[in-house]
Every structure is written in structure tokens, then in C-alpha cells.
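Student: Now for the letters of each chain:
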Amino acid sequence: MSAPSGITRVTLLKDLRLEWRSKDAVNSMLFFSLLVVVVFSFSFDPSAEESRQIAGGLIWVAFLFAAVVALNQTWAREIRNQVLDAYRVSPAPANSLFTAKVVGNFIFVSVLEALMTPLFVVFYRLRSLGPVWQLALVAALGTWALVVNGTFFAAMSLRTRSREIMLPLLLFPISIPALLAMVQATTAILNGEGARFWMALLASYDLVFTTVCLLLFETVLNAE
Amino acid sequence: MIENTPVPVITVTNLIKQFGRFAALRGVSAEFSGGKLYAILGDNGAGKTTLLRTLAGLNQPSSGEFSILGSRKFHDICEQVGYMAHPSLLYDEMSGMENLEYFGRLYGITSSARCAEVIWAVGLDPELVRPVGQYSQGMRQRMSLARALLNDPKILLLDEPFSNVDLHSAGEMVRLLAGIRDRGTTIFIVTHQAALLEGAADEFVWMEAGKIVERTLDLKRLENIGESTGESKR
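Quick note, the sequences are listed as chains A and B, same order. Each residue of the first sequence is one higher than the one before, starting from 2 at the first, in my numbering. Each residue of the second sequence is one higher than the one before, starting from 18 at the first, in my numbering.
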């Protein structure tokens, strides 16, 4: 059997290849986020000062909803033709699959963020008063928080009848502490204030939930 | 004198599998020797697929136990088992070769030559770049068999391998499987097309209502059961 890291790598490459060919997740995420940006920009006409106050919330809510689209797609591919069973009967470790899926989703959502952030900046006339590298760090930590839980709960809701509804029902409540930290940290950095506490909270959240998800994923994968 | 009895590679003891209040397996007990081809037959809902999925480690038995190649934990011996389900277990967006290269890596197989070898063996062309989603149903079935053969398993569990496959191709698949059996692999085939396996199968196992009710070397002996249950063996 290949080393777990090798299986993670080939599974990740396989997922990137499938997404490149189908563009299911990225296209739906992009259109959804674009709609949110445009609709909100018509609804509000904030000044630069007001934008800095509300942008954190707007950006993260848009990314959270868009991420759900990608997260639902992640496992849908594995359920089609019951491909997941082929993985389950193989000697490959469950956590290699989980890690590959999380990293894959992290890449998809990060690409979305990279494409959408300039639009947010233009539509809301955003100019950060704090260091931009801190915003990038918050984005990375926040995205990880969303995808690690999202990938786990998407796997949990895999065998439920209405899994597309089930995922947000499971994911949103558990993401509240992370979402709060992301919004507060983003708003603080945009306004040139310190965000260390919120960033530390986000990092701790990531650590705890990544560990818990890794510990429980094999049970979820083999649940009937 | 020492009697030369074949060693069972699979032992099933009072296996029960319930889905909610429905019992799909109701106390299956059996021993299966190595290097044989078993045809598992029975009406729809007899428990054939559930038995196969349980042996493949995909269903946890509600009670009872089984051992494969001397191990009670499927994961310990999973490298020596090949499983083919009714769905293809393949990614529609990738070619057959890409699929097999991916699944091969899960078993530590890094050689493309091995993937090409099993694709040739099932009568397909490894150079075919078309995604599996554009294959005919029969081609998909054969590629799915290639995936199950990839790790050169000692035990092969096949669920409806001949469904939607034309008679000529099905005959070729049977000859391929008989050859694999002759090299020592134990093969279980769940099928409704028992006639295809006449002459190739070493034993026909008839299941009914979650139990094995008959095991015979002669398919004709199952005719009477078929008449009483409405299932055609031919």
C-alpha cells in the first residue's frame, strides 16, 4: 500500500482533475458569490467608513454560502456510481481521503476568494487601514475552519435523503464561533485595530475541529 | 491416513444482517473452499448482494461472524480481495486508464503496465481516452471488472458482472474468470444469469429469504426450487 501522504496526494490530484473537467463547484460558487456582491452593492450605498464596518460580515457570509455549494459537490462525485465503496474496500486510510477532500475544498474556496476579493474592494470602495498580510492570514484560517467542518458534515449527511439541506443545518451552528472570529478579525484589521485575540481564537478553533474531524472520520465513512 | 480436505477460505457462521426491522440475512452459515468459482443465485431480495457486501466489509453484520483468509477483520486482508458492485465504482469524468491508475495507487500499484494489462484482459483498449461516462453499459461493466482484478486478488466478489453485457462478451468474461479461478483465486459471482456459468462454476449456491437453502454442483438440481419460487435459472 502507498504511504498515506501519497494517497492523499493522488486523491487530491484526482479531485482537482475532476473539478478542472467538470467545473461544477467553482462555477456555481463564482456565480453565487457574484450575485451576493452585486445584490448587496445595489441594496446598500455605504461610505468608505461604513464599508469597513460591514465588509467583514458581508464577505464571510458570501463565502460561507458559496462554500456550501462546493462542499455538497465534494461527496456527490463519490456517491455517483458508488465510487466511495471502491475506496472503502481498499487498504487506503480513511483520513487520507478526508485530508485530500479538505485540501481540495480549501483550494477551491481560496480560488473563489482570490477572484471575489477585488470585486468586493471595488464595489464597496474598501481600503484596509491595517496590514493586508493579516487579512490574508485570517482568510486562510477562516477558510480552513469552513472547509474542515464542511467536508466532515457533508460526509455525515451523505446518506441522508435531503443532504443539500442537511449540510447547512449542521454546518452553520457549529461554525458560529469561527464565523464570529472571522468577521471580528476582518473588521478589526480593516479599521486598523488589533485582531490578535480573534486570530488566536480562529487558530484554536481550526486545531480543535481538525483533530476531532480526523479522529471521527473513519466512523463516518463506514457508517451505514 | 490423512484425509485431503480443502481448507475453507471463507467461513460464515450464523450471519444476520438487519436493515431496521427487515432482516436481509437470516442466519447464513457456510464454508467456502479456496480456488473455486461459486455462483450465488436467488430471487430478488434473497440476500445475495447483502451477503457479498458483508463479505466485502461494506456492511457490518448485525450478529454472527465470518472469517476471510483466516481473518475476522476485513481490513486486515482487504489487499487480497477484489470487489465489483452492480454500479461501476468508476469516475465517469475520467478515462478507464485514469480510473485504474488512481485505484491502483490505493493498493500501492504504481505501474501503468499493470493497469493496461487488466484492461487488455477484459477486452478493452487502455489507450481509449474517452471518459468512462461515455462508455456503453457493457464496456463499463468490463472496466469495472478490470478495477476489481487490479490488485490480483485471492478472493473476487462480483455482483451482477454480466448484467447489460452482450452474450459474446459475457462468454469472454466467464472464460477470463474461469482462467483466474484455475490460477487459485476464489470467485463469488452473484448473478441472475446462471446459465452463463454452467460448466464454469464449481458450485451453485441458492439463496432464499436471507438463507442459503441449497448448494449443488449441478445447476439442473436447482430447477425445482426455481419452479417453486418463480426464478429462472437459465
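By construction, these hints were calculated from the structure, which means they are not laboratory data. Remember, predicted model here, so these are calculated numbers, not experimental data. One thing to keep in mind: the hints can contain errors.
Per label pair, the in silico range of CB-to-CB distance [what the hints assert, rightly or not]: (1) B/Arg-147 - A/Gly-7: 23 to 29 Å; (2) B/Glu-231 - A/Leu-170: 44 to 50 Å; (3) B/Phe-36 - A/Arg-22: 32 to 38 Å; (4) B/Glu-82 - A/Lys-24: 35 to 41 Å.
If we take Cβ atoms under 8 Å as the criterion, some of the chain B residues that face chain A in the derived model are [to be verified]: (5) Phe-83; (6) Cys-95; (7) Pro-104; (8) His-185.
Just so you know, even glycine gets a beta-carbon here, dropped at the ideal spot from N, CA and C.
Student: Compare the structure with each hint and give your call.
Tutor: Do the hints match the structure? See the list:
1. B/Arg-147 - A/Gly-7: 23 to 29 Å: The hint (23 to 29 Å, Cβ to Cβ) holds, given that B/Arg-147 and A/Gly-7 are roughly 28 Å apart.
2. B/Glu-231 - A/Leu-170: 44 to 50 Å: holds, 49 Å
3. B/Phe-36 - A/Arg-22: 32 to 38 Å: At roughly 36 Å between Cβ atoms, A/Arg-22 and B/Phe-36 fall inside 32 to 38 Å, so the hint holds.
4. B/Glu-82 - A/Lys-24: 35 to 41 Å: violated, 47 Å
5. Phe-83: It is violated, given that the least Cβ distance between B/Phe-83 and chain A is near 15 Å, above 8 Å.
6. Cys-95: Because about 5 Å separates B/Cys-95 from the closest Cβ in chain A, which is inside the 8 Å limit, the hint holds.
7. Pro-104: Check passed: Cβ of B/Pro-104 comes within 4 Å of chain A, closer than 8 Å.
8. His-185: This hint is violated: B/His-185 lies away from chain A, its Cβ roughly 25 Å from the closest one there, beyond 8 Å.
In this structure, the hints that do not hold are numbers 4, 5 and 8, in rising order.
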